[in-house]
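Hey, can you work out the whole structure from these sequences and the hints?
4 protein chains.
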Amino acid sequence: MAGPTIDHRSPKFAELTYRVLDRLGKVFKTPDPVLLFPSSGTGAWEAALVNTLSPGDRVLAFETGHFATLWRNVATRLGLEVEWVEGDWRRGVDLSTVSDRLANDDGHSLKAVLVVHSETSTGALSDIAGVRKAMDEAGHPALLMVDTISSLASVDYRHKEWGVDVTVCCSQKGLMLPPGLGINAVSRKAIDASSSATLARSYWNWEPVLRMNEKGFFPYTPPTNLLYGLDEALGMILEEGLEKLFLRHRRFAEATRIAVDAWGMELCCLDPASNTDSLTAVWMPDGHDADEFRRIVLDRFDMSLGTGLGKVKGRVFRIGHLGDMNDLMLAGTLCGVEMGLGLAGVPHRAEGVAAAMKYLASSV
Amino acid sequence: MAGPTIDHRSPKFAELTYRVLDRLGKVFKTPDPVLLFPSSGTGAWEAALVNTLSPGDRVLAFETGHFATLWRNVATRLGLEVEWVEGDWRRGVDLSTVSDRLANDDGHSLKAVLVVHSETSTGALSDIAGVRKAMDEAGHPALLMVDTISSLASVDYRHKEWGVDVTVCCSQKGLMLPPGLGINAVSRKAIDASSSATLARSYWNWEPVLRMNEKGFFPYTPPTNLLYGLDEALGMILEEGLEKLFLRHRRFAEATRIAVDAWGMELCCLDPASNTDSLTAVWMPDGHDADEFRRIVLDRFDMSLGTGLGKVKGRVFRIGHLGDMNDLMLAGTLCGVEMGLGLAGVPHRAEGVAAAMKYLASSV
Amino acid sequence: MAGPTIDHRSPKFAELTYRVLDRLGKVFKTPDPVLLFPSSGTGAWEAALVNTLSPGDRVLAFETGHFATLWRNVATRLGLEVEWVEGDWRRGVDLSTVSDRLANDDGHSLKAVLVVHSETSTGALSDIAGVRKAMDEAGHPALLMVDTISSLASVDYRHKEWGVDVTVCCSQKGLMLPPGLGINAVSRKAIDASSSATLARSYWNWEPVLRMNEKGFFPYTPPTNLLYGLDEALGMILEEGLEKLFLRHRRFAEATRIAVDAWGMELCCLDPASNTDSLTAVWMPDGHDADEFRRIVLDRFDMSLGTGLGKVKGRVFRIGHLGDMNDLMLAGTLCGVEMGLGLAGVPHRAEGVAAAMKYLASSV
Amino acid sequence: MAGPTIDHRSPKFAELTYRVLDRLGKVFKTPDPVLLFPSSGTGAWEAALVNTLSPGDRVLAFETGHFATLWRNVATRLGLEVEWVEGDWRRGVDLSTVSDRLANDDGHSLKAVLVVHSETSTGALSDIAGVRKAMDEAGHPALLMVDTISSLASVDYRHKEWGVDVTVCCSQKGLMLPPGLGINAVSRKAIDASSSATLARSYWNWEPVLRMNEKGFFPYTPPTNLLYGLDEALGMILEEGLEKLFLRHRRFAEATRIAVDAWGMELCCLDPASNTDSLTAVWMPDGHDADEFRRIVLDRFDMSLGTGLGKVKGRVFRIGHLGDMNDLMLAGTLCGVEMGLGLAGVPHRAEGVAAAMKYLASSV
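Protein chains in written order, with our numbering: chain W, 3 to 366; chain H, 3 to 366; chain Y, 3 to 366; chain D, 3 to 366.
Simulated from the structure, these hints should not be mistaken for lab results. Owing to the predicted nature of the structure, the values given are computational and were not obtained by experimental measurement. Just so you know, nobody snuck in bad clues.
Chain copies aren't distinguished; within one or between two, either way the pair holds.
Here are the computed lysine to aspartate or glutamate pairs in the EDC-like style, where the Cα-Cα straight-line distance is at most 20 Å:
1. 217 / 293
2. 313 / 88
3. 360 / 304
4. 360 / 301
Here it is as structure tokens:
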């Protein structure tokens with residue numbers, strides 16, 4: 003006890019809490035509360051659902067990829083009834099389908115619409131403003147819940163302006179921290195819904211978090227080191243400025259897509275308007291195993307490319323370019339992919355790095 | 003991606019998982035599985051309950067202090083019915099009460115017995131082997147669940163030998179890590195119970211954790227830095243040896259209790275046989291506010307003593323002596339308390355430090 | 003090269019250099035240059051001599067303790083002739099002796115006066131302002147060189163006001179850094195002397211350092227990590243404020259001396275007006291070996307007290323209280339000494355800790 | 003003092019000293035002593051000279067580049083007479099010149115031959131075994147002194163086998179540490195020479211270092227953190243194995259030279275047999291300023307290429323590839339150079355990265 007004092011019940015700690023929560027609001031672009039849970043991102047999905055819904059409630063969800071499917075599974079396990087719109091894992095949410103489904107729900111039995119903003123497994127972005135517009139046009143009162151795990155602080159996202167009710171996120175992607183914090187940004191409407199929602203909840207209960215946060219504290223032992231790290235990371239992000247940060251990621255993503263195109267390969271995401279800027283999922287030519295290719299790249303170049311998940315296992319590998327990345331790290335990464343394609347005997351033109359360099363050198 | 007490779011889906015990571023889980027078993031003294039969740043200790047309470055019980059199930063719990071009360075609240079919120087044995091927060095679980103309650107439960111409607119081993123709020127230890135004996139003598143099939151948050155790796159604890167079904171713990175006390183990992187050590191009987199338990203669960207579900215752990219992985223993004231830290235901490239603990247570590251904590255606790263006695267003050271825990279060795283809660287003389295005293299100690303000596311929690315707020319302050327502590331750090335801590343008592347005008351004899359030094363110098 | 007850029011020839015590095023050198027001047031209390039060498043403190047002694055003196059030059063030096071003796075040895079080895087004023091290692095420089103020696107030096111053959119400000123081996127402080135006054139009164143033109151290795155940033159020191167020509171220091175005491183930087187603060191007169199001094203010099207040559215520092219660089223590969231650390235440390239020191247920092251060390255030193263007195267023991271330094279505040283050297287009763295006592299304290303309490311050096315080996319042990327120290331760390335240290343005295347069978351009254359606590363609690 | 007104990011006079015510290023010195027010998031490939039000084043590499047040059055030579059002694063030195071010239075300057079400043087063999091900074095030491103000069107020195111007035119193994123400013127390697135052979139054939143008794151600052155632990159080096167008397171090195175290149183340690187590996191003959199050498203010396207004196215090292219200590223306050231780091235670094239180097247490490251650096255150097263060739267550019271080093279493997283110095287086409295190019299690369303890609311030093315300022319830029327480097331970091335570095343050449347309008351073919359990738363992918 004004679005050592006350094008980091009008392010999570012002290013006034014100094016409360017200052018940290020206030021500053022972190024205030025800065026998080028700026029990053030989510032909302033004046034409404036943002037809540038932290040000691041958990042993985044999976045926990046933040048669960049928190050969104052158990053606070054706002056009741057057993058048997060119907061929710062609308064879209065099969066845009068692996069993580070949308072996992073979130074669906076969470077909903078099902080918690081006793082919700084999921085209206086599941088199947089998909090081919092190669093594009094974002096289809097807005098006309100959203101409109102159709104909501105139009106058919108005369109009795110407003112759908113209580114929530116679940117969308118993954120940036121599908122980490124496919125690299126496809128869904129149009130959240132478009133989903134909100136479809137909901138408004140249908141005059142549908144369902145809550146809009148959005149997973150921004152691989153988009154926040156990498157791709158433009160606007161919790162308030164887009165009328166999102168619960169935004170789900172976590173610490174280890176755009177916020178550049180180790181895993182360990184699940185995040186919910188919540189609207190007034192979502193908080194109101196929580197007062198009548200009856201799914202059993204204790205750990206994920208927003209109410210004590212909101213109440214304690216007002217005094218600068220948490221209803222659990224907070225992961226102090228992650229909070230200090232979050233404070234640092236948010237400071238860096240806001241100092242650079244969100245718009246500048248988005249442009250930086252856009253530039254890395256563009257360079258990567260230009261390389262893929264020059265290799266003569268295909269993106270997993272088939273809709274050019276829906277590419278996310280935090281990662282790029284590359285579609286493997288038929289007859290070639292993405293994981294075998296990844297294994298070669300890891301063995302030879304000590305670089306760990308993302309694996310294809312779920313349905314696209316073996317068909318896709320993923321290049322991450324979010325977080326602490328610069329031009330030459332990206333160039334090195336693309337060199338690793340290009341050399342790996344050659345070593346793995348994957349048909350390609352060895353011109354991706356050259357094309358990406360041309361783009362990087364000519365853009366700022 | 004060109005940076006260092008810590009892929010939580012790689013074979014190297016699997017080795018880490020196996021080693022950590024194996025070492026954890028040694029610390030809990032069990033060959034049965036130990037499961038980790040990215041969460042606070044509160045989450046590990048919830049995990050114990052939702053995996054083994056069904057809505058409306060009855061559980062027996064004892065008001066030994068603040069944390070026992072909080073766990074009770076979790077159970078209630080999750081839809082369980084708690085048979086609550088009230089207490090005065092100044093002793094451990096009364097074994098004859100355990101026997102009585104179980105004897106009265108002819109129909110075995112009680113599905114679980116919940117006990118906090120070391121009550122962090124009061125410094126009282128409950129006799130887990132005794133509770134098991136009472137359950138066995140009553141021939142009662144309820145599950146035994148034990149919170150060891152402030153006892154594991156500080157005070158002797160034996161999951162298997164004492165027949166515990168679910169042990170609840172977390173990372174930030176005896177394991178000397180930052181907060182962020184909730185832990186369940188589970189018996190075969192508990193795992194069996196989980197197959198028929200119907201409380202809704204997704205995040206806390208043991209089944210995917212057990213399944214993925216067998217391959218060395220986790221069903222969520224694991225907090226890799228905490229796992230590396232845990233590996234280090236477990237290595238240090240096992241190198242010192244658990245019995246030696248317990249004696250070390252016993253010695254610090256003895257020195258502290260000797261100081262309290264020499265000050266002419268009282269422990270919160272009224273039963274000398276039930277003092278825990280990880281912390282000491284000191285009872286404030288009537289008319290003196292423990293928090294005012296704590297404030298003076300923090301201001302003057304930059305030392306943060308534990309506050310009285312819940313019912314004993316203002317009546318108790320707590321001296322921690324677990325984790326990375328040595329004789330002179332403890333002596334410095336006691337000096338801070340003794341000087342603080344004087345500055346706060348709390349009646350005492352200024353002989354506690356001298357008595358503790360006498361003890362520390364004469365024991366090894 | 004694609005990694006982080008810390009180029010010690012970049013403009014950004016130059017800014018660091020300017021800031022560090024400016025802040026160092028504030029701590030030495032001089033507007034004149036301060037020079038850094040990648041070296042131990044021993045190197046800074048050598049730098050002071052080789053830059054200002056010529057083979058065979060006579061210097062006046064005083065046997066105040068171990069480090070004064072070592073500095074004398076450096077001078078001798080470099081080919082200087084040392085007029086050595088013997089001493090008993092239990093007090094600072096005697097000012098009347100300074101006056102006498104200078105008065106006797108009609109021909110001004112003495113080119114420099116060497117004084118250790120705070121003798122780390124004895125805890126005795128020499129009166130630098132008094133030495134300057136004696137030199138001025140004697141109208142003697144010799145250079146005044148002062149070793150502040152264990153006084154800078156712990157005890158009041160004024161390079162400019164006290165008319166010091168070369169101040170010698172290093173990184174690992176009051177500046178709270180690892181060892182690795184030797185320091186010279188120099189007067190205009192010293193720089194002038196360097197232009198005619200003929201002792202061979204290359205590494206220690208001030209001229210290229212002064213020249214390169216003006217552009218923000220160094221004539222050698224600078225220990226960048228130490229410079230970053232120095233920048234941090236100087237920021238902390240100046241934020242606390244030197245006067246406040248001196249009072250803090252005074253208070254720790256007072257508490258320690260009060261404990262020594264209460265133990266019925268003697269200080270190494272026999273002149274109460276000359277105690278330094280950065281450490282306390284305690285004189286062992288006849289027939290008791292200080293190193294045997296130190297060994298016991300290390301074995302039992304993992305605390306490493308300073309050994310007696312040179313002439314006072316076995317007669318003295320040293321308690322350090324400079325750098326990052328607080329009340330309870332000091333109290334813990336004194337507890338370790340008091341328990342150790344008992345275990346080692348050294349005659350004493352076990353009342354030192356109590357007396358120190360009384361003082362610490364009543365002073366701020 | 004109650005904090006962690008790192009006492010540089012303790013038995014535990016002695017173990018560290020023994021292990022570090024033993025491992026250093028393996029890296030220098032010598033059973034003879036290796037000595038450490040808290041200093042930059044410049045200090046290690048000075049130590050080599052002052053321990054073995056006397057005022058006015060003649061030494062033979064070769065103008066292979068900037069660092070050879072600086073070492074010459076040190077020798078001159080210390081009062082030695084340097085026989086200086088001029089050069090064009092684009093090749094290593096010419097062996098026939100060595101033979102000629104020694105043959106002409108009938109009276110053996112040359113007391114030492116000074117050679118820089120790997121010239122950091124030019125990328126040219128000198129043939130140390132060849133120099134030794136020339137000395138042996140001439141039957142010349144001069145000491146052979148070699149600077150290995152940018153070759154040790156990157157390029158094959160054999161202190162004992164090549165009959166080197168003093169090897170000069172430092173911490174911040176192949177040993178991958180921060181700057182702060184100067185190193186001398188010494189032969190028996192060099193130690194013998196030191197007993198009659200009369201250059202003034204104190205700080206750099208080998209004798210007390212050798213004497214104290216035998217007990218595991220140092221005659222100065224050692225830079226403990228660097229020693230711990232050195233222990234780690236040596237462990238890593240010996241675990242990888244020196245021969246494997248040399249091949250790794252050879253491969254990076256080859257890839258870089260292939261890229262330079264494919265760009266249609268010239269190396270600074272004109273002798274293909276004398277390229278060092280720790281860095282590559284590239285010669286700028288006439289009319290193009292290397293520093294203007296470097297500025298563009300720093301601004302646009304945050305990569306700091308080495309500047310041309312001394313005579314080749316503006317004519318040369320340097321690519322480092324020693325220490326902690328992997329294929330993709332090197333590839334990223336080469337991408338930065340290639341893009342920078344384009345942006346700076348330097349005539350080149352943009353085919354260097356492609357050629358380097360081809361080589362890296364086909365070699366292991």
